[in-house]
Amino acid sequence: MKKEIRHVWFFPHPTEAIWEYLTDSELLSQWLMKNDFKPVVGHQFSFKSSPYPAIEFDGNVYCKVLEISAPKKISYSWKFGPGNGETIIDSLVVWTLTPKDGGTELLLVHSGFTDLRQIPAYDAMNAGWQTNINKIHGLIATKEKNETTIH
Amino acid sequence: MKLQSTDPFQAIGDSNRRLMLRLLSKESLTINSLAQHFDMTRPAVSKHVKILYTAGFITIQDMGRERHCTLNQKGFHELQSWIDYFDQFWQTRLKKLEDLLNKKTKK
Numbered sequence: 001m002k003k004e005i006r007h008v009w010f011f012p013h014p015t016e017a018i019w020e021y022l023t024d025s026e027l028l029s030q031w032l033m034k035n036d037f038k039p040v041v042g043h044q045f046s047f048k049s050s051p052y053p054a055i056e057f058d059g060n061v062y063c064k065v066l067e068i069s070a071p072k073k074i075s076y077s078w079k080f081g082p083g084n085g086e087t088i089i090d091s092l093v094v095w096t097l098t099p100k101d102g103g104t105e106l107l108l109v110h111s112g113f114t115d116l117r118q119i120p121a122y123d124a125m126n127a128g129w130q131t132n133i134n135k136i137h138g139l140i141a142t143k144e145k146n147e148t149t150i151h
Numbered sequence: 152m153k154l155q156s157t158d159p160f161q162a163i164g165d166s167n168r169r170l171m172l173r174l175l176s177k178e179s180l181t182i183n184s185l186a187q188h189f190d191m192t193r194p195a196v197s198k199h200v201k202i203l204y205t206a207g208f209i210t211i212q213d214m215g216r217e218r219h220c221t222l223n224q225k226g227f228h229e230l231q232s233w234i235d236y237f238d239q240f241w242q243t244r245l246k247k248l249e250d251l252l253n254k255k256t257k258k
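Order-wise, the sequence lines are chains V and D.
1 is the number of the first residue of the first sequence in our numbering; add one for each residue after it.
152 is the number of the first residue of the second sequence in our numbering; add one for each residue after it.
Calculated directly from the structure, the hints in this document are not laboratory data.
Ideal Cβ placement from N, Cα and C applies to all residues, glycine included.
Among the hints, a few may not be true.
List of simulated lysine-lysine pairs, DSS-like, C-alpha gap at most 25 Å [said to hold, decoys possible]:
| hint | chain 1 | residue 1 | chain 2 | residue 2 |
| --- | --- | --- | --- | --- |
| 1 | D | Lys255 | V | Lys38 |
| 2 | V | Lys73 | D | Lys177 |
| 3 | D | Lys257 | D | Lys247 |
| 4 | V | Lys34 | D | Lys254 |
| 5 | D | Lys257 | D | Lys246 |
| 6 | V | Lys100 | D | Lys254 |
| 7 | D | Lys254 | D | Lys177 |
A partial selection of chain V residues facing chain D, derived with a Cβ cut-off under 7 Å [said to hold, decoys possible]:
| hint | residue |
| --- | --- |
| 8 | His7 |
| 9 | Trp9 |
| 10 | Phe10 |
| 11 | His13 |
| 12 | Trp19 |
| 13 | Gln30 |
| 14 | Leu32 |
| 15 | Leu108 |
| 16 | Val109 |
Modelling step: build the complete structure from the supplied sequences, incorporating the hints.
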């Protein structure tokens, strides 16, 4: 059973164009969040958005660039908490770009729910997750023009 | 009035409480036997147990002089809201990126 978020999108644009929107701080802020991102491995940065107290999210995401392989792959850590300096979720975001006929396939995997995985019961009790995954598959299916590569 | 509840995210934000959940995922335990696994005072253990209880992760049952702790589904279901939130978050942000790129191409 998976405990991660996956999205696959097809863009009818060259890989370089998508890459720019993923790695340029100003372009990134236009669709994701305000940030001080730099495409440098080891660079620590943050995203700033609105707080969502219901899930103990103060609106700040603390990140560190872990991997950059232009224009194919980028990954960073993704930590957040309620705003008292505590990290509640320490997760991982990985973007993968694959050239496809007439465009680019972008895969997002948001994973690494470390703390939850340490609790075995989480598996058994989290029956709702599979429903969620199926929902995502449904959304992807309507989006994708090519054959799906996820499983 | 219901008992004031604790946020499940706050409840699992502590390594002692996560260990308590792991121990309880194997078997139900009394607070006393749970306390044997930790180098802390009995009141400190009770405090953590209370937080897990108010966050919906465990139920507590009095049996004679002992209090038995058992894992409860409620807290785990609430954790799902975190995944749901970011799932939706990415979905809307990627749509925004798509719109941006399409607009740029049309120019």
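Against the structure, the hints come out as follows:
Between D:Lys255 and V:Lys38, the direct Cα distance comes to roughly 23 Å. Compliance with the 25 Å bound is thereby established for this hinted pair. This hinted pair does not check out: V:Lys73 and D:Lys177 have alpha carbons roughly 40 Å apart, beyond 25 Å. Distance hint between D:Lys257 and D:Lys247 is fulfilled; the C-alpha atoms sit about 16 Å from each other, no more than 25 Å. Restraint check for V:Lys34 and D:Lys254: satisfied, since their Cα atoms lie roughly 21 Å apart, inside the 25 Å limit.
A C-alpha spacing of about 17 Å is found between D:Lys257 and D:Lys246, which places the hinted pair at or below 25 Å, so the restraint holds. Between V:Lys100 and D:Lys254 the alpha-carbon distance is near 21 Å, which keeps this suggested pair within the 25 Å criterion. Between the alpha carbons of D:Lys254 and D:Lys177 the distance comes to roughly 55 Å, so the proposed pair goes past 25 Å and is violated. The criterion of a C-beta within 7 Å of any C-beta in chain D is met by V:His7, whose closest approach is roughly 5 Å, and the hint holds.
Interface hint status for V:Trp9: upheld, as the beta-carbon distance to the closest one in chain D is roughly 5 Å, under 7 Å. For V:Phe10, the interface hint is violated, the least distance from its beta-carbon to any beta-carbon of chain D being 9 Å, above 7 Å. A hinted interface residue such as V:His13 counts as satisfied when its beta carbon comes closer than 7 Å to some beta carbon of chain D; here the least separation is about 5 Å, so the hint holds. With its C-beta approaching chain D no nearer than about 12 Å, V:Trp19 sits outside the 7 Å limit, and its interface hint is violated.
With a least beta-carbon distance of about 6 Å to chain D, the hint placing V:Gln30 at the interface is held under the 7 Å criterion. The interface hint given for V:Leu32 holds, since its Cβ lies 5 Å from the closest Cβ of chain D, which is under the 7 Å cut-off. Below 7 Å, beta-carbon pairs count as interface contacts, and V:Leu108 has one with chain D at about 6 Å; its hint therefore holds. This hint is violated: V:Val109 has a C-beta 10 Å from the nearest C-beta of chain D, more than the 7 Å allowed.
Violated hints, in rising order: 2, 7, 10, 12, 16; the structure is consistent with all others.
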